[in-house]
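Q: Using the sequences and the accompanying hints, generate a full structural model.
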Amino acid sequence: MTAMTDPTFYRSPAEAAAAPPEQLAYVVAFDRTGQRSDALAVIDVDPDSAGYGSVVGWADVPTRGDELHHFGWNACSSALMHEGHDMDGLQRRYLLLPGIRSSNIHVYDTQPDPTTPQLVKTIDADELAAKAGYSRPHTLHCGPDGIFLSCLGAANGSEGPGGIALLDHTTFEVLRAWETDRGPQYLAYDAWWHLQQNTLITSEWGTPSMIEDGVSPELLLSNKYGHSLHFWDLAAGRHVQKIDFGAEHQMVLELRPSHDPEATWGFVGIVVSTADLSASVWRWYRDGERWAAEKVITIPAEPGDADLLPPAVQPFGAVPPLVTDISLSVDDRMLYVSCYGTGELKQFDVTDPANPRETGSVRLGGIVGREPHPAAPGERLAGGPQMVETSRDGKRVYVTNSLYGAWDDQFYPHGVGAWLAKMDADPTGGLTVDPRFFPHENDFRGLRVHQVRLQGGDASSDSYCYR
10 MTAMTDPTFY RSPAEAAAAP PEQLAYVVAF DRTGQRSDAL AVIDVDPDSA GYGSVVGWAD
70 VPTRGDELHH FGWNACSSAL MHEGHDMDGL QRRYLLLPGI RSSNIHVYDT QPDPTTPQLV
130 KTIDADELAA KAGYSRPHTL HCGPDGIFLS CLGAANGSEG PGGIALLDHT TFEVLRAWET
190 DRGPQYLAYD AWWHLQQNTL ITSEWGTPSM IEDGVSPELL LSNKYGHSLH FWDLAAGRHV
250 QKIDFGAEHQ MVLELRPSHD PEATWGFVGI VVSTADLSAS VWRWYRDGER WAAEKVITIP
310 AEPGDADLLP PAVQPFGAVP PLVTDISLSV DDRMLYVSCY GTGELKQFDV TDPANPRETG
370 SVRLGGIVGR EPHPAAPGER LAGGPQMVET SRDGKRVYVT NSLYGAWDDQ FYPHGVGAWL
430 AKMDADPTGG LTVDPRFFPH ENDFRGLRVH QVRLQGGDAS SDSYCYR
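What the sequence shown shows, in the numbering used here, is residues 10 to 476, in sequence order.
Watch out, some of these pointers could steer you wrong.
As a list, the in silico DSBU-like pairs of lysine-lysine whose alpha-carbon atoms are at most 30 Å apart [what the hints assert, rightly or not]:
1) K140 <-> K130
2) K233 <-> K251
3) K251 <-> K304
4) K304 <-> K404
5) K233 <-> K304
6) K251 <-> K140
Beta-carbon label-pair distances, calculated as ranges [said to hold, decoys possible]:
7) R476 <-> E298: 18 to 28 Å
8) G387 <-> A256: 39 to 49 Å
9) A385 <-> E298: 16 to 26 Å
Please keep in mind that the hints were generated in silico from the structure rather than gathered at the bench.
Ideal Cβ positions, reconstructed from N, Cα and C, are used throughout, including at glycine.
A: Below, the structure is given as structure tokens:
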């Protein structure tokens with residue numbers, strides 16, 4: 010390893026798993042009212058530290074009304090192979106924080122002190138709209154030719170098509186829209202890839218107007234939210250194939266491709282079926298010259314007392330699981346599935362990805378269950394496991410409890426609160442809540458918390474170039 014190569018750029022998944030564990034986690038927090046600044050919080054996750062489980066750093070963003078949501082690093086392990094990076098001095102150093110409501114993007118430097126991130130740049134919504142024709146930025150990954158940033162909306166901030174903006178690796182300036190031929194794609198959400206197969210995949214949620222004020226019962230029951238995957242030629246930005254899961258499978262969200270650079274499969278979660286309120290996980294895979302997909306996990310709705318249900322689901326008399334995030338361990342052995350509605354995090358053994366086998370489960374929060382954390386057994390939790398992140402070695406799983414501000418308010422109308430929990434995972438199967446780790450409520454200064462990023466990378470931050 011030379012002095013010019015960041016040691017957190019790992020050649021292979023196995024090298025990433027064997028590297029030293031994270032000591033810090035970064036969490037974005039947002040003010041639902043838009044009256045206060047959102048923030049980047051830094052959490053001590055070193056179990057041998059006196060500050061374990063506490064907030065040890067805090068940086069307010071300079072604007073209001075952003076709703077920080079997903080975020081990511083300027084560079085990751087994929088930099089070892091793809092073009093576009095000046096490797097001399099390149100580091101996993103900057104965190105890019107998009108505001109899903111404002112369309113601003115804030116860039117923070119995590120050096121020299123990783124507990125004190127410093128703002129170095131804000132890319133405003135006008136630049137994103139003018140140069141790429143997009144708004145409402147969501148997911149980002151560093152990749153060939155630049156940083157890929159998926160966006161839910163077109164330049165007007167309300168309707169589609171959504172797509173991908175390309176940002177400069179070094180200056181973070183918006184370069185252009187990535188697509189050259191979008192084919193039938195209109196709705197957008199997540200984006201990730203199989204780098205060595207020259208394939209990018211995108212999923213579908215809805216346009217900004219479809220999600221802004223919460224889930225629309227009319228749109229949902231008429232199956233208007235996204236229900237397809239799109240496969241693209243990565244180098245050309247050209248649409249290649251669409252897979253429609255069926256209109257009843259509403260909101261095709263998080264993409265988790267295999268970490269094996271030679272693999273051609275991955276998982277995607279679907280929030281809800283309008284046929285029976287179930288949620289599901291599907292596997293995509295290469296079938297000859299085409300891509301195919303199959304449902305491999307179904308999670309049914311649970312009965313619920315109508316008097317305990319919020320208006321959004323009361324007419325159905327049941328609690329939908331609402332699979333809003335999934336996480337695939339770096340070794341591709343375990344898949345974690347968050348059920349925001351029922352308050353459950355499920356663990357599946359996916360060593361045979363076509364036949365997942367459930368091996369563990371914990372419950373926290375939930376629309377009806379309101380299961381407490383063992384650190385505060387008398388405190389009924391609102392929200393449920395939502396964003397889920399897995400450590401590189403697969404031994405720790407972190408979850409936060411906010412989905413999206415307006416949607417939180419619908420499913421948890423009495424307040425969703427704010428909490429971050431950590432589960433200890435047995436790599437052979439089994440999941441337990443860590444009773445020592447529970448930053449929550451006032452620890453986050455009245456803000457809600459969404460995505461987690463781990464120091465040195467995590468299961469959803471990196472693509473690997475070598476086996």
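Q: Does each hint fit the structure? Answer for all of them.
A: Now for the hints, and whether the structure bears them out:
| no. | hint | in the structure |
| --- | --- | --- |
| 1 | K140 <-> K130 | 17 Å, holds |
| 2 | K233 <-> K251 | 17 Å, holds |
| 3 | K251 <-> K304 | 16 Å, holds |
| 4 | K304 <-> K404 | 27 Å, holds |
| 5 | K233 <-> K304 | 20 Å, holds |
| 6 | K251 <-> K140 | 27 Å, holds |
| 7 | R476 <-> E298: 18 to 28 Å | 24 Å, holds |
| 8 | G387 <-> A256: 39 to 49 Å | 44 Å, holds |
| 9 | A385 <-> E298: 16 to 26 Å | 54 Å, violated |
Checked against the numbered hints listed earlier, the structure breaks hint 9 alone; every other hint is satisfied.
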